[in-house]
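Residue numbers (my numbering), protein chains in the order written: chain A, 470 to 590; chain B, 132 to 554.
None of these hints come from the bench; they were simulated from the model.
These numbers were taken from a predicted model, which means no experiment stands behind them.
Worth double-checking, as some hints may not be accurate.
[To be verified] Pairs of lysine-lysine, DSS-like flavour, derived with a Cα cap of 25 Å:
id	chain 1	residue 1	chain 2	residue 2
1	A	K505	B	K520
2	B	K492	B	K553
3	A	K540	B	K553
4	B	K314	A	K472
5	B	K314	A	K545
6	A	K505	A	K540
7	B	K520	B	K327
8	A	K512	B	K314
9	A	K545	B	K327
10	B	K327	A	K507
11	A	K505	A	K472
12	B	K327	B	K342
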Amino acid sequence: MEKRELTCICCPRGCMITVVTDGKNIGEVNGYTCRKGKEYAEKEVISPVRTVTSTVRILGGERPLTSVKTKTGIPKDRILACMQQINGIVAEAPVRIGDVLLEDVAGTGVPIVATKAVRPL
Amino acid sequence: MTIETYSVVVIGGGPAGLAAAIAARKAGILDVLILERDREPGGILNQCIHNGFGLHTFQEELTGPEYADRFIVQARELGVACELNTMVMGISRERVVTAMNREKGMFRVQAGAVILAMGCRERARGALNIPGYRPAGIFSAGTAQRLVNMEGYLPGREVVILGSGDIGLIMARRMTLEGARVKVVAERMPYCGGLKRNMVQCLEDYGIPLKLCHTVVDIQGRERLEGVILAQVDEKGRPIPGTEEAYTCDTLLLSVGLIPENELSLEMGVELDRVTSGPVVDENLETNIPGVFACGNVLHVHDLVDYVSEEAGRAGKNAAVFVTGRPAEGERRQIPLTAGQGVRYTVPQRICVERTEPCVKIRFRVDAVFQDSYISVYRNGERIMHRRKAVMAPGEMEEVILPGAMLEACTGSERIAIKIEKE
Ligand SMILES: Cc1cc2nc3c(=O)[nH]c(=O)nc-3n(C[C@H](O)[C@H](O)[C@H](O)COP(=O)(O)OP(=O)(O)OC[C@H]3O[C@@H](n4cnc5c(N)ncnc54)[C@H](O)[C@@H]3O)c2cc1C
Ligand code: SF4
Numbered sequence: 470m471e472k473r474e475l476t477c478i479c480c481p482r483g484c485m486i487t488v489v490t491d492g493k494n495i496g497e498v499n500g501y502t503c504r505k506g507k508e509y510a511e512k513e514v515i516s517p518v519r520t521v522t523s524t525v526r527i528l529g530g531e532r533p534l535t536s537v538k539t540k541t542g543i544p545k546d547r548i549l550a551c552m553q554q555i556n557g558i559v560a561e562a563p564v565r566i567g568d569v570l571l572e573d574v575a576g577t578g579v580p581i582v583a584t585k586a587v588r589p590l
Numbered sequence: 132m133t134i135e136t137y138s139v140v141v142i143g144g145g146p147a148g149l150a151a152a153i154a155a156r157k158a159g160i161l162d163v164l165i166l167e168r169d170r171e172p173g174g175i176l177n178q179c180i181h182n183g184f185g186l187h188t189f190q191e192e193l194t195g196p197e198y199a200d201r202f203i204v205q206a207r208e209l210g211v212a213c214e215l216n217t218m219v220m221g222i223s224r225e226r227v228v229t230a231m232n233r234e235k236g237m238f239r240v241q242a243g244a245v246i247l248a249m250g251c252r253e254r255a256r257g258a259l260n261i262p263g264y265r266p267a268g269i270f271s272a273g274t275a276q277r278l279v280n281m282e283g284y285l286p287g288r289e290v291v292i293l294g295s296g297d298i299g300l301i302m303a304r305r306m307t308l309e310g311a312r313v314k315v316v317a318e319r320m321p322y323c324g325g326l327k328r329n330m331v332q333c334l335e336d337y338g339i340p341l342k343l344c345h346t347v348v349d350i351q352g353r354e355r356l357e358g359v360i361l362a363q364v365d366e367k368g369r370p371i372p373g374t375e376e377a378y379t380c381d382t383l384l385l386s387v388g389l390i391p392e393n394e395l396s397l398e399m400g401v402e403l404d405r406v407t408s409g410p411v412v413d414e415n416l417e418t419n420i421p422g423v424f425a426c427g428n429v430l431h432v433h434d435l436v437d438y439v440s441e442e443a444g445r446a447g448k449n450a451a452v453f454v455t456g457r458p459a460e461g462e463r464r465q466i467p468l469t470a471g472q473g474v475r476y477t478v479p480q481r482i483c484v485e486r487t488e489p490c491v492k493i494r495f496r497v498d499a500v501f502q503d504s505y506i507s508v509y510r511n512g513e514r515i516m517h518r519r520k521a522v523m524a525p526g527e528m529e530e531v532i533l534p535g536a537m538l539e540a541c542t543g544s545e546r547i548a549i550k551i552e553k554e
């Protein structure tokens, strides 16, 4: 078991968390302020995930783009594949916050959802 | 010119303005008006499409537009009036707001209380001392953010970023994801200007190097940017000869900090703090002009929107108290709060002797990186608070809460100071 130092990225407070791990199992976790941080640290040392945010083209809307996110984190090594698929999406206005614009991004099982409403022109 | 009246008028419809208006409304004020120059409310959050907002307010991680939407919906449901595409031109000491938009032309509003929530803008490149020509391809990080996230336009393919403020870090990741190559982030100071989490998830995740104690000493290219020269700097910030390194790039992003937008405040005679560039306020977030309050980035630059919303909520509530009739004015007795050794500034800068809230929340920033140090509060030279903190950095805002008991029996002749001490 080794001790790893991480900066929690779940919120801007950026707590320093230490995790004891052998890469498969988790030992002691210290330094987190809230539950989210503990979960993050445990996941980060075994299989790190990230939420990806970007934009998607909108046709017939009052603005040319909506912003989007992966509904939950996706494995770090799928980020580039995810971006490629996001860049291929074109949606039509109206778009509401939470609308699913792609069911399963890059084989992760995670949907791409809109984070900004776009009204039709 | 027509003149309308509103009990509370909020200048700016970003997260600060929205939260202040909502709080004033919830405190019982029926007529609250927001004046916003943009075509939509939400302020800077509209271009901050990344996630990480509001975890502590909503127990979920939201993107900027989603966070803003929560407040926009609430303001609408509460019947807060909002004039968009409306530029505020001036405010008088008697709280008459002069504004302009297409439909009404120039108009005036008499406000019972005014809440300043104009946010901040990026430091101009003119303020930087970079020699050479000024070719195309040099942007402020916030301008680049707007171009990429709102217009869908990628400003360049090979990027160098000067300054490690949060916008620069966020844009390093954003442009990488859009297919650009971000070669390096150079920071003049010996520490990162942005949040640690952004250093991790925007730079380390993508293998983008951060060069501390480095700056741009030359810009190459006449029409379009072709490259920059970086050099290491000494403790005084002077470039060290022989450390120059050339980088080819077509884009240079400047992320060298934000300054509160206080032209309106200054013109109306609001006293400004030389360090924060924002108004000097008391614990009610009231400026030197009675009935004029300030919150959000116009007051001091925040990195956490949750803090902005919380602070703005207090400003809104106190504005409501002012409108509904505060005990007779008279001379306001106030205790000055000083930023002692290691502390760059405090907000508030003053505490009223006749307080309305039991405790006083003080936010401040340190002026260097401190490890294993103490935040100490002194009253007339006597230490009344002493709290250990493992790490403090200028990039992260700190907070102390003074319980009412510590301020008991104050007359206004006291002095309160916050210092950072080794023991
Ligand atoms: C790039 C970036 C990334 C960030 N990332 C995070 C993050 O990950 N997590 C987090 O919690 N926080 C983050 N923040 C911080 C947070 O977004 C800001 O602190 C917050 O937006 C400040 O709110 P505000 O209302 O004070 O200012 P603003 O959002 O700037 O709003 C001010 C409003 O006032 C209007 N206005 C100004 N002058 C006038 C006038 N004369 N007349 C009419 N209207 C006027 C403007 O148009 C604007 O809409 C980030 C900030 C930036 C810039
Ligand atoms: S542990 Fe909790 S408080 Fe600390 S950074 Fe992570 S999410 Fe934020």
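Hint by hint, here is what the structure shows:
1. Of the supplied pair hints, the one linking K505 (chain A) and K520 (chain B) holds, its CA atoms being roughly 22 Å apart against a limit of 25 Å.
2. For the given pair, K492 (chain B) sits about 23 Å from K553 (chain B) by alpha-carbon distance, which is consistent with the 25 Å threshold.
3. A hinted pair counts as satisfied when its Cα atoms are at most 25 Å apart, and K540 (chain A) with K553 (chain B) does not qualify at roughly 45 Å.
4. This hinted pair does not check out: K314 (chain B) and K472 (chain A) have alpha carbons roughly 31 Å apart, beyond 25 Å.
5. A threshold of 25 Å between alpha carbons decides the hint, and for K314 (chain B) with K545 (chain A) the separation of about 21 Å falls inside it, so the pair holds.
6. Between the alpha carbons of K505 (chain A) and K540 (chain A) the distance comes to roughly 16 Å, so the proposed pair stays at or under 25 Å and holds.
7. In summary, the hint linking K520 (chain B) to K327 (chain B) is supported, as the alpha carbons are separated by about 16 Å, within the 25 Å threshold.
8. At roughly 29 Å between alpha-carbon atoms, K512 (chain A) and K314 (chain B) are farther apart than 25 Å, so this suggested pair is violated.
9. At most 25 Å may separate the alpha-carbon atoms for a hinted pair to count; K545 (chain A) and K327 (chain B) meet this at roughly 19 Å.
10. Proposed proximity of K327 (chain B) and K507 (chain A) is supported: the alpha carbons are some 17 Å apart, at most 25 Å.
11. Proposed proximity of K505 (chain A) and K472 (chain A) is supported: the alpha carbons are some 20 Å apart, at most 25 Å.
12. Only pairs whose Cα atoms come within 25 Å are accepted, and K327 (chain B) paired with K342 (chain B) is accepted, the gap being roughly 15 Å.
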